[in-house]
Amino acid sequence: MLEGFDRVPVHVRVNGTLYERTIEPRVLLVDFIREDLDLTGTHIGCDTTYCGACTVLMNGANVKSCTVFAVQADGSEITTIEGLAKDGKLHPVQEAFAANHGLQCGYCTPGLIMSTVYLLSTKQKPTDQEIRKGIAGNTCRCTGYQNIFKAIRAAAAADDNG
Amino acid sequence: MYPNSFRYFRPSTLEEASATLSELGEDAKALAGGQSLIPLMKLRLSSPSALVDLNFIPGSSYIRRSNGTIHFGAMTRHADIENSEIASRVPILHDCAAGIADSQVRNRGTIGGSVAEADPSGDWGPVLLTLDTEVHVIGPGSSRTIGLPEFFLDAYTTVLAPGELVKEIAVKAPSKNTAGAYVAFKRCAPVYANASAAASLTVEDGGACSAARILLGCVGLTAIRASEAEAALIGKQLTIKTIETAAEAAMAAADPQSDMRGSAEYKRALVRVLVKRAIHIAARRARGERVEAGHEYVGRI
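Quick note, the sequences are listed as chains A and B, same order. When you line the first sequence up against our numbering, it's residues 20 to 181, in that order. When you line the second sequence up against our numbering, it's residues 36 to 336, in that order.
Hints listed in this document are in silico derivations from the structure and should not be mistaken for laboratory results.
Which residues of chain B face chain A? A few of them, derived with a C-beta cut under 10 Å, are:
# : residue
1 : SER40
2 : GLU51
3 : THR55
4 : SER71
5 : ALA133
6 : ARG141
Stretch-level coverage of chain A by chain B, calculated; a stretch enters the list once three of its residues show a Cβ under 8 Å from a Cβ in chain B:
#  : stretch
7  : 23 to 35
8  : 38 to 45
9  : 63 to 69
10 : 73 to 82
11 : 86 to 92
12 : 147 to 156
Beta carbons: idealized from backbone N, C-alpha and C, even for Gly.
Just need the whole structure built from these sequences, with the hints factored in.
What follows is the structure in structure tokens.
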């Protein structure tokens with residue numbers, strides 16, 4: 020049985036790259052991503068499992084990375100906002116948010132985009148209700164959500180959701 | 036925010052997890068989905084000296100149906116239940132699973148963790164208590180089965196002894212003419228409900244209600260069974276007047292506290308409305324109709 024106090028090994032693939040580190044068990048996944056891997060696109064908003072700014076994909080499912088210990092991601096595949104663009108080309112969901120002005124200050128945007136990518140991976144043509152439900156765990160304090168909806172509808176209507 | 040330091044254990048079987056917890060003593064905690072425990076640890080409201088992580092135990096997450104009973108492995112995530120064909124055939128299970136917090140939390144949180152935590156605002160308690168539910172528990176060198184009504188003792192308190200873990204939740208699928216509904220009212224998706232109501236009804240071909248179970252959530256130290264409300268329905272036609280009488284009896288059974296989720300008066304008034312809705316929907320479902328229910332919050336449409 021794996022056991023540790025100061026240092027526990029963790030092997031995690033983030034955006035396709037395998038990272039092997041030894042970390043304190045109390046390190047949260049979001050801090051591991053931001054501080055150890057220097058991927059600061061994933062944001063910390065409320066830090067209390069509410070706002071969803073820290074949303075990443077863990078083995079394809081959206082999770083709040085402030086509420087997962089990094090050691091629990093051992094053996095997992097993590098996708099962060101930095102992992103979406105390919106060959107200098109934005110992901111279709113990123114394109115849709117840009118084209119529809121689905122953001123104002125942009126702080127919540129990485130989390131909203133990750134939840135949208137997850138939603139569209141589970142439902143190709145979500146209804147309005149399914150869109151609302153899909154992003155219910157992501158808080159935006161600027162936009163009033165209207166353009167975010169527009170962006171998600173546009174992304175769902177696009178042929179290739181990546 | 037960082038929790039206090041803790042010793043981390045990653046067992047590969049439930050037996051090993053149970054033995055480890057038992058050796059470590061009461062200060063150690065089991066880590067299931069972590070969606071309640073990790074926030075509590077970050078706020079330093081809980082500072083266990085050790086965590087025993089159940090997330091790497093193979094075979095602890097499953098949904099199976101055999102002989103009219105649905106078996107949930109303790110580590111089955113809410114999202115797995117939300118998307119399960121087997122669970123969706125008992126609509127009240129889908130009502131509950133599909134609306135717990137938000138999609139991120141449902142992808143981590145587990146049914147076993149929720150039941151073992153016994154949060155008075157938890158969703159699974161009232162829902163599973165409307166059904167015949169048993170909890171299979173594994174302890175150091177032993178195992179036992181406990182009926183859910185006997186499992187919950189008080190707020191955040193169950194009959195689990197140190198070292199004991201929930202292994203499985205077994206739910207008897209309701210018989211023909213029986214259906215339930217769960218309605219929870221909350222301010223927005225990620226928060227706990229202000230109040231919730233779960234109802235299960237058996238409606239005979241003539242329209243009379245022959246059995247009823249009504250449970251209230253968030254308005255007491257545990258889910259409250261509203262027996263007087265049940266009695267108001269049994270043997271009666273489910274008219275608007277009968278349902279109103281039952282809802283008023285449920286209101287009297289509620290024992291809410293005033294807090295940031297509303298005054299006691301407000302929650303009691305909410306109970307009346309939610310119980311009526313749950314009864315109406317359960318009755319329609321018992322007659323074979325498909326009706327949506329679940330968590331209600333602003334923005335859900």
